[in-house]
Amino acid sequence: MLDLDIHIRLKRGSFDGEMAVHITEPVSGVFGHSGSGKTTLLHCIAGLVKPDSGLMSLNGETLFDTEKGLFVPAHQRHIGLVFQDAQLFPHLSVRNNLLYGYQRLKPGQRRFELDPVVELLEIGPLLERRPGQLSGGEKQRVALGRALLYSPQLLLFDEPLAALDDRLKKQILPFLRRVRDVGIPMLYISHSMDEILYLTDTVTLVEHGRILAHGRYLDVLGQADSSELVDGLDLRNVWEVTLLENNHEQGYSVAALGQERLILPPASAVVGEVAIVSVRAAQIALSRKRIEGITIQNQLPGKILRIIHRRHGALVEIDVGVVVVAEVNGKTVEDLNLCKGDKVYCLIKAQSLDYPES
Amino acid sequence: MTLTQDEISAVVLSIKVATWATLLSCPFAIAIGWVLARKKFPGKPIVDALIHLPLVLPPVVPGYLLLLLFGNQGVIGHWLNELGISFMFNWKGAALASAVMSFPLIVRSVRLSMSLIDPRLEGAASTLGAAPLAVFFSVTLPLALPGIFAGLILGFSRCLGEFGATITFVGNIAGETRTLPLAIYTASHVPDGDAEALRLIVLSIVISLSALFFSDLLTRRVEGHLGLRATDA
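Line order of the protein sequences matches chains Z and L. Per our numbering, residue 1 is the first one in the first sequence, and the count goes up by one each step. Per our numbering, residue 1001 is the first one in the second sequence, and the count goes up by one each step.
Source of the hints: derived by calculation from the structure; they are not laboratory data. Think of the CB as a built atom: it goes at the ideal place given N, C-alpha and C, for glycine as much as any other residue. The reader is advised that the hints may include incorrect statements.
In silico DSS-like links for lysine-lysine, alpha-carbon gap of 25 angstroms or less [claimed, not checked]: (1) L:LYS1040 <-> Z:LYS50; (2) L:LYS1040 <-> Z:LYS11; (3) L:LYS1044 <-> Z:LYS11; (4) Z:LYS11 <-> L:LYS1039; (5) Z:LYS50 <-> L:LYS1039.
Computed Cβ-Cβ distance ranges for the label pairs, DEER-style [to be verified]: (6) Z:MET1 <-> L:LEU1050: 50 to 58 angstroms; (7) Z:GLN351 <-> L:ARG1221: 49 to 57 angstroms; (8) L:PRO1132 <-> Z:HIS309: 27 to 35 angstroms; (9) Z:LYS170 <-> L:SER1208: 56 to 64 angstroms; (10) Z:GLY108 <-> L:VAL1075: 42 to 50 angstroms; (11) L:PRO1142 <-> Z:VAL322: 48 to 56 angstroms; (12) L:LYS1016 <-> Z:GLY132: 33 to 41 angstroms; (13) Z:LEU168 <-> L:SER1208: 46 to 54 angstroms; (14) L:ARG1221 <-> Z:ARG95: 17 to 25 angstroms.
Construct the entire structure; sequences and hints are all you get.
If you want it as structure tokens, here you go:
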């Protein structure tokens, strides 16, 4: 599906980067603060920046090799890039922006056609407009479509939501998920772990021009615990649930999460639909027993898969049918003598759950 | 206002010389403007200074240098003569002199408009499979077009006013190299030439004002264009 092998060195002014990572997961995130080198890494992968030395290959094809004097330029790489601020061509209509890369493909290389992509991203009414007449969110959707229509073998995202306000972010997130689900490998750069976790649980941590760790985010957090990048990082669980019941009069909804029923704040989705819900790991409490006579309505039984000790507290991974991550303090783990394999209840207040898409 | 044959000839010649000079400069000015806006190379400040030299030198100097290079015995002129091409004492020479003098103005305008284009737009084009030449023609050039037009108008106006380099290089020959400024200069030296000089001056003002008006129109278009880009960011 994806085999991206990177081993590069690059010095620009005060930035001194040496980055090595092997990414095989089809969808993964790159997390780091601004100035950490994550955008540089992305531009090196796209071929917009030439590293000083090293090696890079994608799906067996060498893109860069200083020893052989090889550098495949961006336009021959077939790697799409969605910029933070869309970078639509202002002198072309939305339609011609969408078709810019598509027209450069041989018919046999085209995996997507205009109409389905326009439908997927709901940009039909915008086709004849100029980019200057679009809102920020609309621009970003057109940029997504433009990259998608080029049928890239890898799609890179450079903080595509960073320039948008919260309301617009929520509008774009579902489209990012849709693009993910069409099966193009994605590398998603962000300084927001929430956004990354919303799309994938695989992440590469970048700090000061170095790759700190790469893998499933819980493993990665364990590995890189001492770095200030992940210290105190607020983690979220993101789940797909199927709505079972909407009770707007009493102000709650019920959804299926694996085999369990989850009480939620009122949902805007219709019964039977899939909704995305999220909850901060720190807002999930653990209990040995089911507790009666308490206002916490969600008590999901599960088994502890593992416990990751961090500098401040511990992350407990629990299998309740889906994976739940709870963040508790280290003392609690000791006091309750929590161990791998133990049965626990995850206590989640309905009000602590929210819908990142609405 | 009735014009004599010589006066009409001066006006027509001026417009012809300025048009050819501008057209001659255009492709080179775009290429060099692009190189200066986008490329880094050793010696760039020297290239930059050389291109701007005609703007700061007394016009007689480039005129004299042209004479040395393109005169019938000149380094290049000698060689061109064998091919049957001569710039001496004809309108082609006047066009060459005007082109050299107006070149820096056009380059400056092209360079400015190209450096205002976000390089990431060109990056976006190349990640969509466009080769460098395709990026230039589909993104850079169209976006720089208003600036290029404005530069060409500016250059055209400069050509209309060209005097020093022209008279030094190709002389002041009625019907061949006597453009409007040269005709005015000549008239002002002839007894009873005041009326003719005045008529030519009025003509000059009309032509130059029209060019400026046109240029202003295009400059406003550039600004509109940049405004669009500003809301884009």
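Hints, verified against the model:
1. Using a Cα cut-off of 25 angstroms, the hinted pair LYS1040 (chain L) and LYS50 (chain Z) holds, with the two alpha carbons roughly 15 angstroms apart.
2. Simply put, LYS1040 (chain L) and LYS11 (chain Z) have alpha-carbon atoms about 17 angstroms apart, close enough for the 25 angstroms limit, and the pair holds.
3. With a C-alpha separation of about 23 angstroms, the suggested pair LYS1044 (chain L) and LYS11 (chain Z) falls inside the 25 angstroms cut-off, and the hint holds.
4. For the hint linking LYS11 (chain Z) to LYS1039 (chain L), the alpha-carbon distance of about 19 angstroms falls within 25 angstroms, and the restraint holds.
5. Of the supplied pair hints, the one linking LYS50 (chain Z) and LYS1039 (chain L) holds, its CA atoms being roughly 15 angstroms apart against a limit of 25 angstroms.
6. For MET1 (chain Z) and LEU1050 (chain L), the Cβ-Cβ distance of about 55 angstroms falls inside the hinted range of 50 to 58 angstroms, so the restraint holds.
7. Look at GLN351 (chain Z) against ARG1221 (chain L): about 56 angstroms separates their beta carbons, and that is inside 49 to 57 angstroms.
8. For the pair PRO1132 (chain L) and HIS309 (chain Z), the supplied restraint of 27 to 35 angstroms is violated, since their beta-carbon distance comes to about 53 angstroms.
9. The hint said 56 to 64 angstroms for the Cβ distance between LYS170 (chain Z) and SER1208 (chain L), and at roughly 58 angstroms that hint holds.
10. Our hint of 42 to 50 angstroms for GLY108 (chain Z) and VAL1075 (chain L) is violated, since their Cβ atoms are close to 56 angstroms apart.
11. A beta carbon spacing of about 51 angstroms between PRO1142 (chain L) and VAL322 (chain Z) agrees with the range 48 to 56 angstroms that was offered as a hint.
12. For the pair LYS1016 (chain L) and GLY132 (chain Z), the supplied restraint of 33 to 41 angstroms holds, since their beta-carbon distance comes to about 40 angstroms.
13. A beta carbon spacing of about 51 angstroms between LEU168 (chain Z) and SER1208 (chain L) agrees with the range 46 to 54 angstroms that was offered as a hint.
14. As the Cβ distance of ARG1221 (chain L) to ARG95 (chain Z) is approximately 24 angstroms, the hint placing it in 17 to 25 angstroms holds.
In this structure, the earlier hints numbered 8 and 10 are contradicted, and the remaining ones agree with it.
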